[in-house]
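If you want the building blocks of each chain, they are given just below.
2 protein chains.
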Amino acid sequence: MKEPVSEQSIDCTHSVTVKEGFVIWLTGLSGSGKSTLALELSAKLNTFIHTEILDGDQVRQNLSKGLSFSKEDRDENVNRIGFVANLIARTGGCCIVAVISPYKESRELQRQRITNFFEIYCTCPIEKLIERDTKGLYKKAINGDINHFTGINDPYEEPDNPNLIIDSNKLSIEESVNIILSKIKELFINQ
Amino acid sequence: MKEPVSEQSIDCTHSVTVKEGFVIWLTGLSGSGKSTLALELSAKLNTFIHTEILDGDQVRQNLSKGLSFSKEDRDENVNRIGFVANLIARTGGCCIVAVISPYKESRELQRQRITNFFEIYCTCPIEKLIERDTKGLYKKAINGDINHFTGINDPYEEPDNPNLIIDSNKLSIEESVNIILSKIKELFINQ
Numbered sequence: 237m238k239e240p241v242s243e244q245s246i247d248c249t250h251s252v253t254v255k256e257g258f259v260i261w262l263t264g265l266s267g268s269g270k271s272t273l274a275l276e277l278s279a280k281l282n283t284f285i286h287t288e289i290l291d292g293d294q295v296r297q298n299l300s301k302g303l304s305f306s307k308e309d310r311d312e313n314v315n316r317i318g319f320v321a322n323l324i325a326r327t328g329g330c331c332i333v334a335v336i337s338p339y340k341e342s343r344e345l346q347r348q349r350i351t352n353f354f355e356i357y358c359t360c361p362i363e364k365l366i367e368r369d370t371k372g373l374y375k376k377a378i379n380g381d382i383n384h385f386t387g388i389n390d391p392y393e394e395p396d397n398p399n400l401i402i403d404s405n406k407l408s409i410e411e412s413v414n415i416i417l418s419k420i421k422e423l424f425i426n427q
Numbered sequence: 237m238k239e240p241v242s243e244q245s246i247d248c249t250h251s252v253t254v255k256e257g258f259v260i261w262l263t264g265l266s267g268s269g270k271s272t273l274a275l276e277l278s279a280k281l282n283t284f285i286h287t288e289i290l291d292g293d294q295v296r297q298n299l300s301k302g303l304s305f306s307k308e309d310r311d312e313n314v315n316r317i318g319f320v321a322n323l324i325a326r327t328g329g330c331c332i333v334a335v336i337s338p339y340k341e342s343r344e345l346q347r348q349r350i351t352n353f354f355e356i357y358c359t360c361p362i363e364k365l366i367e368r369d370t371k372g373l374y375k376k377a378i379n380g381d382i383n384h385f386t387g388i389n390d391p392y393e394e395p396d397n398p399n400l401i402i403d404s405n406k407l408s409i410e411e412s413v414n415i416i417l418s419k420i421k422e423l424f425i426n427q
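Chains S and Y, in that order, are what the protein sequence lines are.
Take 237 as the starting number for the first sequence in my numbering and just add one per residue.
Take 237 as the starting number for the second sequence in my numbering and just add one per residue.
Because the hints were derived from the structure by calculation, they are not lab data.
Hints should not be assumed to be uniformly reliable.
Said to hold, decoys possible - No more than 25 Å apart at the CA atoms, straight line, and that leaves these computed lysine-lysine pairs for BS3-like:
| hint | chain 1 | residue 1 | chain 2 | residue 2 |
| --- | --- | --- | --- | --- |
| 1 | Y | Lys301 | S | Lys307 |
| 2 | S | Lys301 | Y | Lys307 |
| 3 | S | Lys301 | Y | Lys301 |
| 4 | Y | Lys421 | Y | Lys280 |
With the hints as extra help, turn the sequences into a complete structure.
Okay, here's the thing in structure tokens:
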């Protein structure tokens, strides 16, 4: 017999049960596809678990107004995001974090704090990112008009052991979403 | 037949169903009983809805490091708390906020943002608070050793229409908790 709250059908012919809340942490350079993936994933996940996105820009507005892009302030920003993402997961929801979060140590601190933590490294060759440059930020950084721009004049530390690597230069959004969902279901959802 | 997730028995002989998440916002001067109430309420509520406390000191550490006690920074602090409390409620949990939050307008902004918002004004005559002074802060503020101390050298704007007023000079903790729980059940919980 179906239990209306804990069990709902989704995109497939059989029903699924969400075990408990979890956090999907998307890290990577500006333009690597984090926000797009977050939106697409959220649309799929929301059909069976309440999902919230914490996106870089939105977080700077709502939690981290006044913080700079120094290492210290970036770490503080990531800590606040981890604190909030953890609250959402503990409440039984899914939190998708989409922030550059360039420092390995501060990401690892969040992994330690959050029980169900799934790190995805969104990668793409920097030449491609400079070529795309949808927001025109890479050009500005290269010209020296923006300081502390990750990948150009600020460091990005790649994860050693992310749960997944998604290369947006090789995979379509749809392919990426399918790969991620399949892993998420395996880990956090009973089928 | 009982549904294990949506329906659980609590402190009474019949079962209850939580409708959706909500926020209990405790406002009032330092020493008026906010944190104590939050802890007692949380213990009761956690048996049938996941409950998180956002307490003044903990929030200053995790979300608002670096903010001062100026009006502008207090408003920013309250905004961040409202943002997070709302996420917890949307995920289906209960968030108990226990912060002085002295400005009416900034509390009202949270009421507008949060669907199920329950404001409790924790009150107590200031003479009694100065008499109790468990943390020794009132003495320091009166002596001028602390600036921006609400009620002594910083304003507190009483709520016009709180959902409840709890006077810790007249009610025991147990009585207060019972009054609050009875209202909460009426509004947010099907019995």
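query: Under the criterion that the straight-line Cα-Cα distance not exceed 25 Å, is the pair lysine 301(S), lysine 307(Y) satisfied?
result: Given that 25 Å is the threshold and the Cα spacing comes to 16 Å, the pair holds.
- request: Starting from lysine 301(Y), check that the Cα of lysine 307(S) is at most 25 Å away, please.
  value: 16 Å, holds
message: lysine 301(S) and lysine 301(Y) were given as a pair; does the straight-line alpha-carbon distance stay at or below 25 Å?
response: Roughly 11 Å separates the two Cα atoms, so the pair holds.
- request: Sort out whether lysine 280(Y) lies within 25 Å of lysine 421(Y), counting only the CA atoms.
  value: 12 Å, holds
The earlier numbered hints are all upheld by this structure, with none contradicted.
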